[in-house]
Amino acid sequence: MTTPMVEAIGVRKSYVGIEVLKGVDLTVTRGEVTCLIGPSGSGKSTLLRCINHLEKHDAGELRVDGELVGYEARNGKLYELSDKKICGERAQIGMVFQRFNLFQHLNAIDNITVGQIQVKGVKEADAVAKARELLARVGLEGKEEHYPAQLSGGQQQRVAIARALAMDPKLMLFDEPTSALDPELVGEVLDVMKDLARSGMTMIVVTHEMNFAKEVANTVYFLDQGVIEESGDPKVVLTSPSSARLQSFLSKVL
Amino acid sequence: MTSNGDDAVKVVPVRHYGRWVGAFVVVILIAMVVHTIFSKVGTGVNICSTINGIRHCHQPQRWRFYWNIVFHFFTTSEVINGLYLTLALTALAMTFGILLGVILAVMRRSQNRLLSSTAWTYTWFFRGTPVLVQLFFWFEIQALYSSITLGLPFLPVTFVHLNLIAILNPFRAAALALGLNEAAYMSEIARAGLLAVDEGQIEAATSIGMTRGQSLRLVVLPQAMRVIIPPTGNEVISMLKTSSLASAVAVTELFGATSNISAANFQVMPLLIVASLWYLIVTTVLSIGQFYLERHYAKGALRNPPPTPIQRLRDDLKGIASKYRTKRGLQTAVSS
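The listed protein sequences derive, respectively, from chains A and B.
Here this note's numbering is used: the first residue of the first sequence is 355, the next is one more, and so on.
Here this note's numbering is used: the first residue of the second sequence is 16, the next is one more, and so on.
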């Protein structure tokens, strides 16, 4: 059996006295799409941010690709990793944000090349070639020189996906990628994500798009108040939920 | 209702009578100011002569603003050297102030409490004392230290030995004082710029594996520049004039040079005008530079950057030309 891409055992996280994650267990198999759903404040985004160490988890075990996130186990002790090593780990995990967070002072091409050149040390010509290829892949040919302010929300989010993909990530995290978009623009971003899922990318998606979860996800986790209430095959979990909480949640969002 | 065509309804614009009266008053006032600036007055000395038994008297006239004297001293080597020192002082003090200011702003953001409170204390001290006092302080620093030796405390290790009396001439002392003072103000400006960059930008930079230093250098600072540039331009212009305080510690920059000349020839007013004109000229050049710098760093923030004055002039001329052309076109259409 191969090691799972992400494995969380009893992960906990508190912000100034409020416990956001109260012992979360989660397993993400390679090449699969996992959706995290749940009401706001349930801890979905926090869990996602712990996986690439944007937030430090307080307790429990969190492994990505078999390696502990942010720590190294030696002689029965946990050593905190240096900033540089943590940056190296993050570079292998792509993240797409709710509010796109494209670099406002750089055009589409430069947004996609800056990480390759500065973090991975790719040659500029190669980075640009790859950026053009990725822009074409997300359907944005001809927008190479556009600045984020000149692009629609859907286009910005697709550039953001291309920016993450340019780092050749082994895992992609999506934090409510369509929540800040006009309804008519949601489709174009979801199409790119579906295409990515078909190509075999391991993805964890925090989303409120139940149809996307049903159609694309291999596994869905329902979080509520910092614990996983229910998980499994989306076709089962989302159509005939067993917990009362998920039943009431689905009745509100569907 | 149609707005064009043969049966167009004539549109009567609103008449702004108040504005017209105001504009008229302002025109009169401007005319009075221009007239008095370029007027001549009598010298108060009567020159009389008797020709054919008739006594003739006349009073020679002079420019009220002594333009001939102003013109005479405007490009003397003393004034030009003073101008050069003023520019050098401004450039040195601002370069030093900006560099130290940005470092202080980054220190203020540090998670290390010692670094952030040191930066805070620096700003507190240098903003809390008058710059003229600081100028005299650095000018007189030899009274406290004749030399500075950098080494390890309590250990017989020496890295650098500086002889302050030899190194700190008045010009360098003034540049140092102005730069240290400026850093305190620049750190607040830079801090505001750093705060203006969205937290999400740093998160995105972090998520693609950038270190804190890389995200600061490649993502945060370039975007902070848009907020930092306009007040920094103000600071440069302000420094240009603040540098005149250095004349108090025997630096013959522009104001010091003109003061020296007028102390010798008592032409105080003309030489004040010489200094003022030079300050105005340099300020104008700096303002133009600031405009283009702001435009450069607004890249990506605005969908359409504002036109440069030259572009605007060209557009205006084009607009007038096309208006003229359509008018002529309409006339020919009507006459044919």
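Please note: incorrect hints may appear among the correct ones.
Claimed, not checked - Heads up, simulated BS3-like pairs for lysine-lysine below, C-alpha to C-alpha not over 27 Å straight-line:
#: 1; chain 1: A; residue 1: Lys477; chain 2: B; residue 2: Lys333
#: 2; chain 1: A; residue 1: Lys484; chain 2: A; residue 2: Lys431
#: 3; chain 1: A; residue 1: Lys484; chain 2: A; residue 2: Lys474
#: 4; chain 1: B; residue 1: Lys25; chain 2: A; residue 2: Lys497
#: 5; chain 1: A; residue 1: Lys497; chain 2: A; residue 2: Lys484
#: 6; chain 1: A; residue 1: Lys431; chain 2: A; residue 2: Lys410
#: 7; chain 1: A; residue 1: Lys484; chain 2: B; residue 2: Lys25
#: 8; chain 1: A; residue 1: Lys497; chain 2: A; residue 2: Lys477
#: 9; chain 1: A; residue 1: Lys431; chain 2: A; residue 2: Lys497
What the hints assert, rightly or not - The calculated label-pair distances, taken between Cβ atoms and stated as ranges, are:
#: 10; chain 1: B; residue 1: Gly215; chain 2: A; residue 2: Asp480; range: 24 to 30 Å
#: 11; chain 1: A; residue 1: Lys474; chain 2: B; residue 2: Leu130; range: 28 to 34 Å
#: 12; chain 1: B; residue 1: His311; chain 2: A; residue 2: Gly371; range: 57 to 63 Å
#: 13; chain 1: B; residue 1: Pro324; chain 2: A; residue 2: Val370; range: 36 to 42 Å
#: 14; chain 1: A; residue 1: Asp536; chain 2: B; residue 2: Ile296; range: 50 to 56 Å
#: 15; chain 1: B; residue 1: Thr136; chain 2: A; residue 2: Gly385; range: 51 to 57 Å
#: 16; chain 1: B; residue 1: Pro324; chain 2: A; residue 2: Leu608; range: 56 to 62 Å
#: 17; chain 1: B; residue 1: Ile95; chain 2: A; residue 2: Lys474; range: 52 to 58 Å
#: 18; chain 1: B; residue 1: Ile325; chain 2: A; residue 2: Gly371; range: 39 to 45 Å
#: 19; chain 1: B; residue 1: Ile296; chain 2: A; residue 2: Ala534; range: 48 to 54 Å
#: 20; chain 1: A; residue 1: Gly541; chain 2: B; residue 2: Gly215; range: 21 to 27 Å
Rather than coming from a laboratory, the hints here were simulated on the basis of the structure.
Glycine is no exception: its CB is placed at the ideal position from the N, C-alpha and C atoms.
Against the structure, the hints come out as follows:
1. A:Lys477 / B:Lys333: violated (46 Å)
2. A:Lys484 / A:Lys431: With a Cα-Cα distance of about 41 Å, the restraint between lysine 484 of chain A and lysine 431 of chain A is violated, given a limit of 27 Å.
3. A:Lys484 / A:Lys474: This hinted pair holds, its Cα atoms lying about 13 Å apart.
4. B:Lys25 / A:Lys497: violated (46 Å)
5. A:Lys497 / A:Lys484: holds (15 Å)
6. A:Lys431 / A:Lys410: Holds: lysine 431 of chain A and lysine 410 of chain A sit about 17 Å apart, inside 27 Å.
7. A:Lys484 / B:Lys25: Not satisfied, since the Cα-Cα distance of roughly 61 Å exceeds 27 Å.
8. A:Lys497 / A:Lys477: holds (22 Å)
9. A:Lys431 / A:Lys497: violated (50 Å)
10. B:Gly215 / A:Asp480: 24 to 30 Å: Given a distance of about 28 Å, which is inside 24 to 30 Å, the answer is holds.
11. A:Lys474 / B:Leu130: 28 to 34 Å: holds (31 Å)
12. B:His311 / A:Gly371: 57 to 63 Å: Violated, at about 47 Å.
13. B:Pro324 / A:Val370: 36 to 42 Å: violated (53 Å)
14. A:Asp536 / B:Ile296: 50 to 56 Å: holds (52 Å)
15. B:Thr136 / A:Gly385: 51 to 57 Å: Cβ of threonine 136 of chain B to Cβ of glycine 385 of chain A: about 56 Å, so the range 51 to 57 Å holds.
16. B:Pro324 / A:Leu608: 56 to 62 Å: Between proline 324 of chain B and leucine 608 of chain A, where Cβ atoms are some 58 Å apart, the hint holds.
17. B:Ile95 / A:Lys474: 52 to 58 Å: holds (54 Å)
18. B:Ile325 / A:Gly371: 39 to 45 Å: violated (60 Å)
19. B:Ile296 / A:Ala534: 48 to 54 Å: For isoleucine 296 of chain B and alanine 534 of chain A the Cβ distance comes to about 50 Å; the hint holds.
20. A:Gly541 / B:Gly215: 21 to 27 Å: For glycine 541 of chain A and glycine 215 of chain B the Cβ distance comes to about 24 Å; the hint holds.
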